[in-house]
Amino acid sequence: MFPKQNDALQVMSHAVIGFPNLAENEKAIDGLVAAGVNLIELQVPFSDPVADGHTLANACYDALKQGGSVQATLDLAEKVCANHPDVNFILMSYLNPLYRYGLQALFDKAAAVGIKGLIIPDWPVEEVEPWLPTFDDLDLSPIMMVTPNTPAKRVERIVNASRGMVYVVSRMGVTGHETEWGEAFEAYLKNIRVYTDLPLAVGFGVRSSDDLNAITGKAEVAAFCSKYIEWQRHDGSDIAAEKMKTMIGEMKH
Amino acid sequence: MFPKQNDALQVMSHAVIGFPNLAENEKAIDGLVAAGVNLIELQVPFSDPVADGHTLANACYDALKQGGSVQATLDLAEKVCANHPDVNFILMSYLNPLYRYGLQALFDKAAAVGIKGLIIPDWPVEEVEPWLPTFDDLDLSPIMMVTPNTPAKRVERIVNASRGMVYVVSRMGVTGHETEWGEAFEAYLKNIRVYTDLPLAVGFGVRSSDDLNAITGKAEVAAFCSKYIEWQRHDGSDIAAEKMKTMIGEMKH
Amino acid sequence: MIRSNNGYFGEFGGRFVPEILLPALTELEELFFELRDDPAFWQEYLTLTQEFSGRPTPLTPLRRLSEQLGGAQIWLKREDLNHSGAHKINNVLGQGLLVQRMGKKRVIAETGAGQHGLATAIMSAKLGLDATIYMGADDIERQYSNVFWMRQLGANVVGVETGSRTLKEALDEALRDWAASVETTHYVLGTACGPAPFPELVSYFQSVISQEIKQQSMTQIGKLPDEVVACVGGGSNAMGAFSAFLDDSEVKLVGIEAGGLSLEDGQHSVRLLKGTGEPGIAQGYKTLFLQNDDGQLGETHSIAAGLDYVGVSPILAHLSQTGRVTPDSSSDTEVTDAFQLLMKTEGIIPAMESAHALAGGFKRAKTMNKNQHMVINLSGRGDKDIFNIARAFPQRDWTEFLQREAERSTDQINAHLATELAG
Amino acid sequence: MIRSNNGYFGEFGGRFVPEILLPALTELEELFFELRDDPAFWQEYLTLTQEFSGRPTPLTPLRRLSEQLGGAQIWLKREDLNHSGAHKINNVLGQGLLVQRMGKKRVIAETGAGQHGLATAIMSAKLGLDATIYMGADDIERQYSNVFWMRQLGANVVGVETGSRTLKEALDEALRDWAASVETTHYVLGTACGPAPFPELVSYFQSVISQEIKQQSMTQIGKLPDEVVACVGGGSNAMGAFSAFLDDSEVKLVGIEAGGLSLEDGQHSVRLLKGTGEPGIAQGYKTLFLQNDDGQLGETHSIAAGLDYVGVSPILAHLSQTGRVTPDSSSDTEVTDAFQLLMKTEGIIPAMESAHALAGGFKRAKTMNKNQHMVINLSGRGDKDIFNIARAFPQRDWTEFLQREAERSTDQINAHLATELAG
Ligand SMILES: Cc1ncc(COP(=O)(O)O)c(C=O)c1O
Ligand SMILES: Cc1ncc(COP(=O)(O)O)c(C=O)c1O
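Residue numbers (my numbering), protein chains in the order written: chain A, 145 to 397; chain B, 145 to 397; chain C, 5 to 427; chain D, 5 to 427.
It is worth saying that the hints were derived from the structure and are not from the lab. Everything numeric in this text was worked out from a predicted model, so none of it was measured. It cannot be assumed that every hint is accurate.
What the hints assert, rightly or not - Below, a list of computed lysine to aspartate or glutamate pairs in the EDC-like style, where the Cα atoms sit at most 16 Å apart: (1) B:209 x D:303; (2) C:227 x C:252; (3) A:209 x C:134; (4) C:108 x C:134; (5) A:209 x C:303; (6) C:348 x D:415; (7) B:209 x D:297; (8) C:218 x C:254; (9) A:209 x A:168; (10) B:389 x B:379; (11) D:348 x C:297.
What the hints assert, rightly or not - Residues of chain C placed beyond 12 Å of chain A at every Cβ, according to the derived structure: (12) 177; (13) 305; (14) 326; (15) 374; (16) 412.
Even for Gly, the Cβ is constructed at its ideal location relative to N, Cα and C.
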């Protein structure tokens with residue numbers, strides 16, 4: 145289940161399928177769940193991840209060499225959704241791998257294995273809208289992105305096409321850099337709330353307990369992804385999970 | 145004295161002033177005279193000897209480093225003319241060193257030290273003609289060049305401006321290569337004789353006894369220059385003089 | 005001029021970018037739509053290309069070569085004579101006018117052969133803009149002379165070390181920069197690819213090529229040419245050479261892609277022929293991409309860095325589906341042969357990219373008759389590619405020269421350092 | 005157009021060559037005198053330069069730079085946009101027409117920067133002639149890229165090892181070749197020097213530059229320029245830029261020579277200023293030569309190989325004596341500064357030769373007022389000189405690239421050899 149508006153801050157984290165390898169993905173996800181993460185993006189690795197910074201982009205390149213693919217992602221999703229029925233698994237992918245798979249077939253299959261949401265950063269709202277009836281039928285939530293430079297009218301259109309939650313890109317740029325959480329940020333969130341009651345997931349630049357604390361009370365979800373992947377790369381999935389657990393333990397409520 | 149028409153073939157040879165060095169020039173000239181050479185070109189070395197092949201061009205470059213110059217040439221001329229009153233010394237130079245010295249002054253001085261003739265390969269007949277009265281006054285013979293491609297009318301003009309002898313360039317090109325002395329060559333000489341009774345000095349490509357023998361009976365002078373300078377460079381002036389002596393001894397008469 | 009249907013050409017095109025880039029694309033599109041029907045704007049553009057880049061470029065008859073091949077009369081459209089040595093400058097100058105109107109002070113660009121990067125660096129110097137150029141690290145080695153000049157012109161050239169380290173990655177990286185800088189930065193896309201409005205906008209500026217060809221053909225040949233041939237990397241010079249002829253069905257339009265070593269995966273950059281590119285959506289647009297079954301973009305190869313690209317203009321993808329454009333390809337060896345033939349018979353040094361059009365064109369011309377006329381678009385000159393071309397024609401004296409020059413250069417740098425330390 | 009008095013311009017000019025060369029010079033002169041007043045011949049020449057080399061070259065306003073310098077409005081005549089990258093091609097194409105009329109099948113040329121050699125190689129390829137290019141061995145090292153292209157174009161490049169191994173020796177050597185081959189070979193002299201009729205003939209073809217400037221000034225400025233500035237090597241681009249203005253006394257004509265490191269002997273190539281060149285007769289003609297008291301031609305230096313010459317056009321020697329042309333010079337450091345300024349402010353990469361005209365022109369422009377207009381002749385582009393320019397601006401990444409490239413090239417040659425041995 146996605147959180148509701150004004151629920152306490154939850155951490156969303158990340159797996160790049162095939163990184164560091166397919167066998168380790170499942171263990172890493174178990175670790176995240178054990179650390180208290182209830183929202184997990186399963187990223188299909190892609191050769192050209194234009195919205196990602198170098199951490200995720202490099203993870204994609206490595207994952208592809210390890211056999212990461214749409215099929216591998218669905219296979220893994222099937223397992224982890226079954227193992228962790230209380231966790232929301234979200235399929236994150238660039239459009240092309242899904243397009244090549246066949247969009248209808250992909251959405252059917254994703255819903256069937258227990259995927260709850262979709263994040264597709266290069267799929268604009270105009271192209272998503274015709275699919276909304278399908279998504280609603282399948283109970284598959286397109287989590288659309290709003291960015292600081294999105295004009296008000298377009299924010300409205302985007303949140304109306306969103307389901308489950310709205311992904312709020314915290315700042316200009318790609319994943320993996322730092323963000324400032326000042327008054328401008330609060331005003332930005334407030335402007336989005338004008339158009340939607342959906343919970344807000346803040347992403348891009350959430351890299352520390354301090355970041356989480358800064359977001360607490362302002363949004364419902366914090367996407368803690370690049371930094372987690374860095375931990376995974378440098379310390380291995382076990383230690384990464386421990387660090388995640390410690391960090392979640394330190395969160396203000 | 146220059147030879148007369150139909151005199152037996154004489155060898156003209158060469159000195160590049162400063163090559164191999166100034167001290168040696170005098171000795172080399174003595175050697176040439178002893179070998180039986182009665183016509184000797186004293187070449188002022190020049191930075192840009194465009195009518196010369198590599199043998200003489202390289203001798204020029206070396207000579208310049210040894211202090212070869214117009215003045216050095218005149219100084220040497222003064223000595224050798226005095227030492228060898230029976231030998232015809234001919235000043236050979238590109239125009240510019242003489243021009244810089246001052247043409248009138250140069251001609252006066254050259255005549256004064258005993259120079260008998262002038263060979264200036266880049267001084268065309270049109271520019272020479274105004275100087276003829278001066279030359280005749282000074283008893284300084286401009287030895288003009290005729291080439292295989294000189295049109296008949298121009299041959300006439302050139303030989304008319306020549307004194308002492310006419311320099312017949314044996315073939316197309318620069319000094320230092322070989323020449324064929326066939327029927328075409330004989331016809332070429334005959335055409336020149338139409339316009340002049342001056343003796344003919346054949347130059348360019350006279351490199352062996354065979355060449356001398358081929359010219360015998362056709363012209364009065366053979367310029368044996370590049371090959372002699374090669375001997376000088378490789379064997380030294382003494383051996384070069386000996387070789388010259390041997391060669392002249394072998395000449396048919 | 006071809007017009008998109010809401011960013012699409014048939015099934016291809018569109019605008020598939022992270023949300024953050026949409027406002028800039030919309031702004032650009034609005035500005036472009038406002039200006040493109042304004043004859044005063046086109047005139048302003050023409051004047052700039054004339055004054056700065058020497059347009060119109062000539063149409064050169066290849067008399068000796070046509071005679072030798074024994075077929076059609078071949079003419080070269082001389083984009084190599086442009087300032088900077090290729091057609092790329094046309095597009096860049098046009099976008100420069102847009103940048104000035106938008107009031108932006110920084111530009112970024114991706115570049116493969118370096119030719120577009122060089123053009124962008126030139127335009128930026130001329131207009132006083134900051135420029136950052138993304139270039140695959142392998143392309144930097146292949147086309148170092150262009151990198152040298154971009155840096156001399158004051159541009160910041162960033163080597164991209166990810167993936168296959170060529171144009172595709174440079175484009176990804178430029179998009180990443182743009183996502184962070186979009187409010188103050190214009191992205192000078194270099195070919196008729198990418199998200200709308202770029203394919204249309206780049207083709208609009210490049211169409212100056214075919215407008216001139218048309219006029220020149222009427223004057224010099226007395227009629228339209230029978231065929232127009234261009235190489236296809238991203239597709240901008242081809243769209244430039246084809247645009248004005250789209251409605252003249254008697255003029256055959258032929259696009260030549262890089263056949264590389266073979267048509268095996270990873271050995272070529274052919275996307276328009278059967279069994280090569282497949283429909284896909286990446287790098288901001290939908291087109292025929294070289295890709296695997298999982299939708300991962302593929303590896304490419306070409307002897308010409310500027311043709312070594314995984315996607316292709318959505319307009320050309322569409323036009324080759326409709327049959328208006330005939331796609332073909334030339335192999336690396338055909339290309340080096342055509343390169344030498346042009347050089348030794350007509351005294352013109354083509355870019356390796358353009359030599360693809362030559363190879364493809366010469367082959368076709370031979371089968372045509374003497375009353376027919378073919379215009380080949382010579383998109384660029386080859387003397388900018390000296391290192392690259394020296395690699396294609398290995399010669400000992402070049403190698404030895406490089407060794408001596410490397411030594412001299414090392415000595416010079418050391419002397420320089422010594423002076424600085426002493427000073 | 006200036007006309008010689010029987011080959012002379014005032015006291016300079018003439019024809020001082022070995023007798024063997026006279027018939028060819030006479031033949032050439034007769035042909036030239038017959039053609040130069042024939043408007044159809046001029047039109048044939050213009051058409052060739054238009055079709056093949058992109059003439060007319062534009063007149064580019066330097067708006068940002070003029071603003072920055074705060075003086076006259078500066079315009080560049082863009083000879084850099086010519087095919088082959090410099091004005092040298094104008095003369096060569098013209099002589100090509102003469103060669104065809106004479107029916108000769110072989111040409112020779114001397115070259116300093118390699119630019120004239122390259123142009124000659126191009127013309128020869130286009131017309132199917134054999135070409136032999138003489139180039140000083142030191143110049144070959146300085147301008148290797150041009151050598152590379154000449155050879156690729158099929159020309160035979162002969163390195164001249166004598167003397168100071170630069171242009172002067174190359175010219176001597178070309179004359180030697182000509183003496184042996186004059187009946188079948190045309191000597192394509194590359195600048196407005198040498199024996200009559202070359203100074204006049206080369207100036208005639210290059211005068212297309214000033215004819216265009218004149219017309220373009222009337223259109224773009226609305227009046228004639230106040231000054232025209234050109235660099236002076238042999239003098240052909242300067243004569244090209246000045247010719248049509250000789251009778252317009254309100255147009256000041258300024259020739260910039262290579263000031264080099266200093267005005268000490270051997271450190272520069274200035275011949276027109278007091279205390280530098282002296283009247284002399286060499287290399288076939290009379291002019292101001294750098295020489296010593298014994299009449300030996302001197303050593304020269306310039307950062308630009310194309311200006312590194314010991315003599316100068318007799319026409320310019322004469323015009324600077326009469327005061328019609330104002331001679332000036334720029335030092336190597338002024339030149340590299342001007343080079344960078346143009347590149348970074350206007351996006352144009354000048355040849356090092358042309359950067360002398362820029363340096364001299366910029367200095368003068370600053371002292372002029374904003375209503376005045378100066379045209380600087382940009383005789384060539386600099387990207388052909390990459391090695392040379394990299395030497396002027398030493399940078400570690402270039403050095404490192406050269407080292408890698410030399411290694412790659414060696415590996416490639418070895419691999420090539422191995423294949424040949426095995427095969
Ligand atoms: C000379 C030249 N021709 C062609 C191309 C290919 O690009 P496009 O297909 O966009 O013209 C390039 C790309 O850099 C190029 O430099
Ligand atoms: C670009 C360029 N400018 C100028 C010159 C100098 O020659 P000239 O004085 O004949 O124009 C050269 C000679 O090679 C050159 O290449």
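How the hints compare with the structure:
This hinted pair checks out: residue 209 (chain B) and residue 303 (chain D) have alpha carbons roughly 14 Å apart, not beyond 16 Å. A hinted pair counts as satisfied when its Cα atoms are at most 16 Å apart, and residue 227 (chain C) with residue 252 (chain C) qualifies at roughly 12 Å. The straight-line distance between the Cα atoms of residue 209 (chain A) and residue 134 (chain C) is roughly 37 Å, outside the 16 Å bound, and the hint therefore fails. For a cut-off of 16 Å, the pair hint linking residue 108 (chain C) to residue 134 (chain C) stands: about 10 Å separates their Cα positions.
Of the pairs offered as hints, the one joining residue 209 (chain A) and residue 303 (chain C) holds, with about 14 Å between alpha carbons and a cut-off of 16 Å not exceeded. This hinted pair does not check out: residue 348 (chain C) and residue 415 (chain D) have alpha carbons roughly 27 Å apart, beyond 16 Å. Among the hinted pairs, residue 209 (chain B) with residue 297 (chain D) is consistent with the structure: their alpha-carbon atoms are about 15 Å apart, no more than 16 Å. Among the hinted pairs, residue 218 (chain C) with residue 254 (chain C) is consistent with the structure: their alpha-carbon atoms are about 13 Å apart, no more than 16 Å.
For the hint linking residue 209 (chain A) to residue 168 (chain A), the alpha-carbon distance of about 14 Å falls within 16 Å, and the restraint holds. Of the supplied pair hints, the one linking residue 389 (chain B) and residue 379 (chain B) holds, its CA atoms being roughly 14 Å apart against a limit of 16 Å. Between residue 348 (chain D) and residue 297 (chain C) the CA atoms are separated by roughly 47 Å; this puts the pair beyond 16 Å, and the hint is violated. Its beta-carbon lying about 9 Å from the closest one in chain A, residue 177 (chain C) breaks the requirement of being farther than 12 Å from that chain.
No Cβ of chain A comes within 12 Å of the Cβ of residue 305 (chain C); the nearest lies about 16 Å off, and the non-interface call holds. Interface exclusion of residue 326 (chain C) from chain A stands, the closest Cβ pair being 22 Å apart, more than 12 Å. Every CB of chain A lies more than 12 Å from the CB of residue 374 (chain C), the least distance being 48 Å, so the non-interface label holds. Separation of residue 412 (chain C) from chain A is adequate, the least Cβ-Cβ distance of about 38 Å exceeding the 12 Å criterion.
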